[in-house]
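Participant: Sequence:
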Amino acid sequence: MGLCIGKLQLDFCSCCPKKQKPVPKIISENSLEVITEIVYALRENARLYRNFGWFCLLQVRESDGHLNLEMANQILTMIENGSAPANRMISAWNREAAFALYQYLRANQPLIPESIQSIVLDNNNCNINPEIVAADVLGLIDEELHHRQKTLLWLLFQLFDCGIKVSPADELGGNTWPVSTLPLFFNLEDHRYLNDWRRILMIFVEMIRQAPNTLDDVFNAQALRVN
1 MGLCIGKLQL DFCSCCPKKQ KPVPKIISEN SLEVITEIVY ALRENARLYR NFGWFCLLQV
61 RESDGHLNLE MANQILTMIE NGSAPANRMI SAWNREAAFA LYQYLRANQP LIPESIQSIV
121 LDNNNCNINP EIVAADVLGL IDEELHHRQK TLLWLLFQLF DCGIKVSPAD ELGGNTWPVS
181 TLPLFFNLED HRYLNDWRRI LMIFVEMIRQ APNTLDDVFN AQALRVN
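Residue numbers (UniProt numbering): 1 to 227.
Just so you know, these hints were derived from the structure itself, not from any lab. Treat the numbers as computed from the prediction; the structure is a model and nothing was measured. Hints may be right or wrong, so weigh each one.
[What the hints assert, rightly or not] Ranges of calculated distance between the beta carbons of each label pair, as one might list FRET restraints:
1. Glu33 - Cys126: 38 to 44 Å
2. Asn123 - His66: 38 to 44 Å
3. Glu44 - Gly82: 18 to 24 Å
4. Gln74 - Asn124: 43 to 49 Å
Yeah, the Cβ is synthetic: ideal placement off N, Cα and C, and Gly gets one too.
Could you build all of it, start to finish, from the sequences and the hints given here?
Facilitator: Take a look at the structure:
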């Protein structure tokens, strides 16, 4: 996977939480349903947004002249209140849905409890294979998190996996989106982690790749929903 690191520090720091936040409350069933619709719609249209950096979620800004902020705020309210929009509405407003989803996630970051993410951030694990660390983290997520929280992570990992597959893979034409999403999942307020971002990123990408097999109960439930 290619990565463009020219503006890494700026993009990375801009998404970091300003202060440590408590573990967010468990997402409601209705809010999860809305996010599920958004994720499926974004995945279906992934190739249309392959040039948007990290699959349009971070690249869509309030200053984007093509963004309808009124509609984005309306979709954000739907996510927060759990009032499901019509499928055709999400399909017609992909940018706005992506922007709303990202704003919701930022308000609830980090999405992984600190007791679990510490395995990734611990420098004592720097010599352990990223695949092994990722498997351990996913195992704890599977054991300790509420089913709806697991489903939310699984949906996001599926979305990001789709984004990786449709994004440029060469070093010069790569993108920074996997790095930019790290603060959504890990508390990176301590800037010492900036020097360790490659290792953290490798583990994160492995988590994305392994999630369908590790979080199999979520995977099977979502497969039944689709079919």
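Participant: Go through the numbered hints given earlier and state which of them the structure violates, listing their numbers in rising order.
Facilitator: none
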